[in-house]
Amino acid sequence: MADPKNNNAIDEEELNAAQADAESPADSGKRIVILKKPFEYLGTTYKELHFDSDSLTGKDSLEVEDEIEKTTHMTVVAPALNLEYLIRISARACSEPIGRDDILNMNLADFNHIRNMARNFMLRSDR
Numbered sequence: 001m002a003d004p005k006n007n008n009a010i011d012e013e014e015l016n017a018a019q020a021d022a023e024s025p026a027d028s029g030k031r032i033v034i035l036k037k038p039f040e041y042l043g044t045t046y047k048e049l050h051f052d053s054d055s056l057t058g059k060d061s062l063e064v065e066d067e068i069e070k071t072t073h074m075t076v077v078a079p080a081l082n083l084e085y086l087i088r089i090s091a092r093a094c095s096e097p098i099g100r101d102d103i104l105n106m107n108l109a110d111f112n113h114i115r116n117m118a119r120n121f122m123l124r125s126d127r
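Numbered per my numbering, the sequence shown finishes at 127, counting up by one with no gaps.
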């Protein structure tokens, strides 16, 4: 773990996560997120989460858009830029049994990592 007093120190977990990300194919939707702050859900403590965006379907996307419209009364115009869409679709891509609220309650660094991962996937897949 990095020394908080030394801004130049390397965080081993971040380094390992970056290396794993770099070694996976650029268009792969499978990612592992090592959480900076593990959380507990249904008696299980999660230190990492597994995401498989390649497993998502058009049906998942439409269902997420419908959920957002029903709960917020807003239409999703650009899914890759809509925070609510990105969080909900991330929850669907996660192999662990977490939901939207679990992601929203994560610390900001983990939340941002998951959001950015989903956004990057959406932008890469938008051909």
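Don't take every hint at face value.
[Claimed, not checked] Here are the simulated SDA-like cross-link-like pairs (lysine to any residue), alpha carbons at most 20 Å apart as the crow flies: (1) K47 <-> C94; (2) K70 <-> L83; (3) K47 <-> R115; (4) K36 <-> K47; (5) K30 <-> F111.
[Unchecked claim] Listed next, with one range per pair, are the computed distances between beta-carbon atoms: (6) A109 <-> S55: 23 to 31 Å; (7) D66 <-> E96: 32 to 40 Å; (8) G58 <-> N120: 13 to 21 Å; (9) P38 <-> R115: 32 to 40 Å; (10) T45 <-> L81: 30 to 38 Å; (11) A78 <-> F111: 19 to 27 Å; (12) M74 <-> T44: 31 to 39 Å; (13) T57 <-> G99: 17 to 25 Å; (14) L81 <-> T44: 15 to 23 Å; (15) K30 <-> H73: 30 to 38 Å.
Source of the hints: derived by calculation from the structure; they are not laboratory data. Computed from a predicted structure; not experimentally measured. Built from N, CA and C at the ideal position, the CB exists for glycine as well.
In rising order, the numbers of the hints this structure does not comply with: Numbers 7, 9 and 14 - these are the hints that the structure violates, sorted from lowest upward.
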